[in-house]
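Novice: Place chain B on chain A using the hints.
2 protein chains.
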Amino acid sequence: MTTTKTESRLPVRFGADSRVGVVAGGGRLPEAVADALEAQGARPYVVLVAGEADPAGPLAAHDHSSMELEHFASLVPLLKRNGVTHVVLAGEIKRRPRLSKMRMNFSLLATLPRIALELTLGDDGLLRAVLRYIERRGIKVVGAHEVVPELVAAEGCLTKAQPQKPDWRDIDTAREAAEAIGALDIGQGAVAIGGRVIALEGIEGTDGLLARVKDLRSHGRLAGRMRGALVKCAKPGQEARADLPSIGPNTVEMAHAAGLAGIAVEAGHSLVLDGPAMIERANALGLFVIGLPAKGSTP
Amino acid sequence: MTTTKTESRLPVRFGADSRVGVVAGGGRLPEAVADALEAQGARPYVVLVAGEADPAGPLAAHDHSSMELEHFASLVPLLKRNGVTHVVLAGEIKRRPRLSKMRMNFSLLATLPRIALELTLGDDGLLRAVLRYIERRGIKVVGAHEVVPELVAAEGCLTKAQPQKPDWRDIDTAREAAEAIGALDIGQGAVAIGGRVIALEGIEGTDGLLARVKDLRSHGRLAGRMRGALVKCAKPGQEARADLPSIGPNTVEMAHAAGLAGIAVEAGHSLVLDGPAMIERANALGLFVIGLPAKGSTP
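Protein sequences appear in the order of chains A and B.
No gaps in the numbering here: position 241 of the first sequence is 241 in my numbering, and each next residue is one more.
No gaps in the numbering here: position 49 of the second sequence is 49 in my numbering, and each next residue is one more.
Hints in this document: simulated from the structure, not taken from any laboratory.
A portion of the hints provided could be inaccurate.
Chain A side only, calculated, beta carbon under 10 angstroms to chain B, not exhaustive [said to hold, decoys possible]:
(1) 54
(2) 181
(3) 197
(4) 198
(5) 199
(6) 200
(7) 213
Here are the simulated lysine-lysine pairs, DSS-like style, with alpha carbons at most 27 angstroms apart [as the list claims (entries may be wrong)]:
(8) A:165 / A:214
(9) B:94 / A:214
(10) B:214 / A:214
(11) B:214 / B:140
(12) A:295 / A:160
(13) A:94 / B:80
(14) B:94 / B:165
(15) B:80 / B:94
(16) A:80 / A:140
Stretch by stretch, here's where chain A covers chain B in the computed footprint (C-beta under 8 angstroms, at least three residues) [stated by the list, open to error]:
(17) 193-199
(18) 209-222
Please read all numbers here as calculations on a predicted model, not as lab measurements.
Where is the CB? At the ideal position from N, CA and C, for every residue including glycine.
So that you can see chain A by itself, here it is in the shape it has in the complex (with noise of 0.2 angstroms):
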């Protein structure tokens, strides 16, 4: 198994004449990163990605464009317009291209592998397509969590509740099966309850997994089944420049509705959202979050 890739790197600095764009998908990641920067000094250009991020969300605030998802080929001659050396791609993209829709140019055309153009590769393998035409242009893809660095899940447990005896065998099992669904770059989650693994992550995810869990608690099977797990895992050798697992307050909440005792993700591969805002709720709530030590990991 491959590690991932979080840890191999060091912490961006950029110089004074760099400026750092976003491109910001769904969720809460984006306006994280966007604040963050801000909050160093600098000064990021983010592109909103249409249909995903909210163009009259806080993330307006910042000097920003929005950019239709087949549009992409436009990109990198925006971002080099707004003087942008190094991008970070934050957020959820739910939708997929439509190639119908797609408007070319040459330059995209004749670089992305054809492999990426038919839509056929795992969401990682087009990610990292995606990540190699923007850096072959000259613009640096940084990670989330490097220009972020305070989002990375610590190792150790982060609320007063612990995981108790059997909240491992849960963690243990999911985590076994969270793996296997990621070396088949299905999906990073996975629900054990009463030591047993009772729902899989696909394209719904988490949250979709979670509102699941909590309709699934009238199932037979888990009559008389208290707490249970749900375990987030980078997939093995995944590109950490985009897509790590991330929880937020809005996890802790969905996972305490479906009746589990609690969240384990990797530490080091895994980013924390509002995080005291988190783990307040969590407390408030009664759930675990910890990270666990991440296998195999290439400090």
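Specialist: Here is chain B on its own, set in the frame of chain A:
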């Protein structure tokens, strides 16, 4: 990877002094087994598991009684009182017995491995323990596929529609995923669309999985994607005398509603219920149903 045991057993023939019991869970399989036994001139004795088999359904036409899951200790005496020498465990048991309601006897307490009593085993481990428990008391456990070999899925395409080239990519990808989660004793089914696995079966079962795929059709990542395939696989090393993957007319109906192009199962390791009705329905809806050559089977 070990092979399932389906093909290593010969069809069972019953002598004049033998009687076959059918422990009936949910679904259509128990009825198919009991009816086939009647058709063979045998007179099955049916034990309806309360809450799973319908006591007012067609099974009640056979010589029968009902049993609470928690009264499992009384199963062997009940079967013996009715002259049963061989028993088939057929159909789905969604519920797991509640220990607090369980009627114990010394025999059960002494014999069932403690680990099985704790109900912490996977389905397969628990089944094996139950099978062993029954056989040690002198009743032979036989598989539905041994009693009703005509239910076993044959190799090759069963329908007018055949998998197209992109369908084969879906079939191969979903099969790999179904085998992976099977190896972890999580579930039997996976759905791939556009060459990618988008949903995996947990305890919600195949119907739940297909209902979810139907909902996911509106997910951005599936925009413009047609077709897709459901693959069901026996777990590697699965106890074939219970819980073989099965499909039937309802599976076809739900796969169609989920927008899938067809269904693939492993030939020899899967059961087809109401075969003629299923094929007729698949042909009417234009779906393919195919029996894949079993991997590494030992004839």
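Novice: Next step is simple, just say for each hint if it's right about the structure.
Specialist: Against the structure, the hints come out as follows:
Contact between residue 54 (chain A) and chain B, as hinted, is not supported at the beta carbon level, the nearest pair being about 15 angstroms apart and thus beyond 10 angstroms. Residue-level restraint check for residue 181 (chain A) holds (minimum Cβ-Cβ distance to chain B is 7 angstroms; threshold 10 angstroms). Hint status for residue 197 (chain A) relative to chain B: holds, with the closest Cβ pair at about 5 angstroms, below 10 angstroms. The restraint placing residue 198 (chain A) at the interface with chain B holds, with a minimum CB-CB distance near 5 angstroms, inside the 10 angstroms limit.
Satisfaction of the interface hint for residue 199 (chain A) is found here, the shortest Cβ-Cβ separation to chain B being roughly 4 angstroms, below the 10 angstroms cut-off. With 10 angstroms as the threshold, the beta carbon of residue 200 (chain A) comes within range of chain B, its nearest partner Cβ sitting at about 4 angstroms, so the hint holds. Restraint check, residue 213 (chain A) versus chain B: the minimum CB separation of about 9 angstroms is within 10 angstroms; hint holds. As the CA atoms of residue 165 (chain A) and residue 214 (chain A) are separated by approximately 23 angstroms, the hinted pair is consistent with the 27 angstroms bound.
Simply put, residue 94 (chain B) and residue 214 (chain A) have alpha-carbon atoms about 17 angstroms apart, close enough for the 27 angstroms limit, and the pair holds. With a C-alpha separation of about 19 angstroms, the suggested pairing of residue 214 (chain B) with residue 214 (chain A) holds against the 27 angstroms cut-off. Among the hinted pairs, residue 214 (chain B) with residue 140 (chain B) is inconsistent with the structure: their alpha-carbon atoms are about 42 angstroms apart, more than 27 angstroms. A C-alpha spacing of about 25 angstroms is found between residue 295 (chain A) and residue 160 (chain A), which places the hinted pair at or below 27 angstroms, so the restraint holds.
Of the pairs offered as hints, the one joining residue 94 (chain A) and residue 80 (chain B) is violated, with about 59 angstroms between alpha carbons and a cut-off of 27 angstroms exceeded. For the hint pairing residue 94 (chain B) with residue 165 (chain B), the CA-to-CA distance comes to about 37 angstroms; that exceeds 27 angstroms, so the pair is violated. A C-alpha spacing of about 26 angstroms is found between residue 80 (chain B) and residue 94 (chain B), which places the hinted pair at or below 27 angstroms, so the restraint holds. For the given pair, residue 80 (chain A) sits about 12 angstroms from residue 140 (chain A) by alpha-carbon distance, which is consistent with the 27 angstroms threshold.
Judged by the Cβ-Cβ criterion of 8 angstroms, the stretch 193-199 of chain B is covered by chain A as claimed, because 6 of its residues qualify and three suffice. Counting residues of the stretch 209-222 of chain B whose CB lies closer than 8 angstroms to any CB of chain A gives 6, so the stated coverage by that chain holds, three being the minimum.
Violated hints, in rising order: 1, 11, 13, 14; the structure is consistent with all others.
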